[in-house]
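Asks: The listed protein sequences derive, respectively, from chains A and B. Using this note's numbering, the first residue of the first sequence is number 1, and each one after it goes up by one. Using this note's numbering, the first residue of the second sequence is number 1001, and each one after it goes up by one.
Just so you know, these hints were derived from the structure itself, not from any lab. Honestly, I wouldn't trust all of these hints.
[What the hints assert, rightly or not] So the derived label-pair ranges between C-beta atoms look like this:
hint	chain 1	residue 1	chain 2	residue 2	range
1	A	70	B	1030	28 to 38 Å
2	A	69	B	1022	40 to 50 Å
3	B	1008	A	72	37 to 47 Å
4	B	1085	A	10	19 to 29 Å
5	A	82	B	1114	51 to 61 Å
6	B	1116	A	16	44 to 54 Å
7	A	95	B	1072	33 to 43 Å
8	A	31	B	1072	22 to 32 Å
9	A	15	B	1008	33 to 43 Å
10	A	52	B	1014	29 to 39 Å
11	A	45	B	1076	20 to 30 Å
12	B	1081	A	16	47 to 57 Å
13	B	1059	A	5	17 to 27 Å
The beta carbon of each residue, even a glycine, is placed where N, CA and C say it ideally should be.
Spelled out from the first residue to the last, the chains are:
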Amino acid sequence: GENVEQHPSTLSVQEGDSAVIKCTYSDSASNYFPWYKQELGKRPQLIIDIRSNVGEKKDQRIAVTLNKTAKHFSLHITETQPEDSAVYFCAGLFGSYIPTFGRGTSLIVHP
Amino acid sequence: DTGVSQDPRHKITKRGQNVTFRCDPISEHNRLYWYRQTLGQGPEFLTYFQNEAQLEKSRLLSDRFSAERPKGSFSTLEIQRTEQGDSAMYLCASSRSGRALEETQYFGPGTRLLVL
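So here's chain B without its partners, still in its complex pose:
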């Protein structure tokens, strides 16, 4: 499978614990995005990387959230001191930069987080 992959697919944790998710983008894609999706809503942007540089972060992203893409390939999203409100599907997407602004994003299967 040469698509975007995410690990784990499901995570159950207790409030206050830290969790880390991984995303592997499509290999030739230099842009990587993290989204959060809750039931009945569209994907909500969290942060975005071009290669290893984190270029944009949502104002909604609290300081408990951190993301890295150290070598410009896979990325990790860490949530510290999880809260019940963090329960959601965390989606990763990737795209390839080009001359045009518009670029198709391909989504991974997501990591479903449940905070008890």
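Isolated chain A, as found in the complex:
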């Protein structure tokens, strides 16, 4: 099946800095790439998604970029805050309704 590689596995930043998480995929075409945030002991929650007909989408401090030629997409968080600390998962839908998730990035924002 399709594989989604997510990097880094852990990201530690100071409050106010930017954070970037990158995901790559291999063979199949995909039209939809959601990002989920999961706080400790809580459910994954969709924070932003992007469809293949656009290269970038922004929602306040969060943005996602997509490069279909290079088969990678990235999450950008600006002006990070301690409450941004969580595990972030990227995902892609590759020819089915079943998303393939990355392994997650643990983001730690130090006050």
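With the hints as your guide, set chain B onto chain A.
Replies: Below, chain B without anything else, positioned relative to chain A:
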């Protein structure tokens, strides 16, 4: 709360026992998904329903696992003869089908299973 709900939230059982989990999706959502998540990993797909039909099952899903969605609303996931390796968080998600392939999935809070 009109989101996805799951019951129980936590379950501790002894190896060899059977357990059953329930998921109630968002009411207008016709698609329902079960995932398993272990520490340090993303959600791993187990099975998926559209209405009452089980359309896809992961090859990772052993025959000890069975899921149902008899009336196209809530779903149950049963694990028979539990093993310690079944210990994980079991997540349910739902979505609404549309013309586009891409559909946002909304997750429930999960059921954390510990097999002793």
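Asks: Now tell me, hint by hint, if it's right for this structure.
Replies: Going through the hints against the structure:
1. 70/A x 1030/B: 28 to 38 Å: Since residue 70/A and residue 1030/B have Cβ atoms about 35 Å apart, the given range 28 to 38 Å holds.
2. 69/A x 1022/B: 40 to 50 Å: 44 Å, holds
3. 1008/B x 72/A: 37 to 47 Å: Given a distance of about 39 Å, which is inside 37 to 47 Å, the answer is holds.
4. 1085/B x 10/A: 19 to 29 Å: 25 Å, holds
5. 82/A x 1114/B: 51 to 61 Å: 30 Å, violated
6. 1116/B x 16/A: 44 to 54 Å: 45 Å, holds
7. 95/A x 1072/B: 33 to 43 Å: Taking Cβ atoms as reference, residue 95/A and residue 1072/B lie about 25 Å apart, which means the hint is violated.
8. 31/A x 1072/B: 22 to 32 Å: 26 Å, holds
9. 15/A x 1008/B: 33 to 43 Å: 37 Å, holds
10. 52/A x 1014/B: 29 to 39 Å: 48 Å, violated
11. 45/A x 1076/B: 20 to 30 Å: Taking Cβ atoms as reference, residue 45/A and residue 1076/B lie about 24 Å apart, which means the hint holds.
12. 1081/B x 16/A: 47 to 57 Å: Taking Cβ atoms as reference, residue 1081/B and residue 16/A lie about 52 Å apart, which means the hint holds.
13. 1059/B x 5/A: 17 to 27 Å: Given a distance of about 21 Å, which is inside 17 to 27 Å, the answer is holds.
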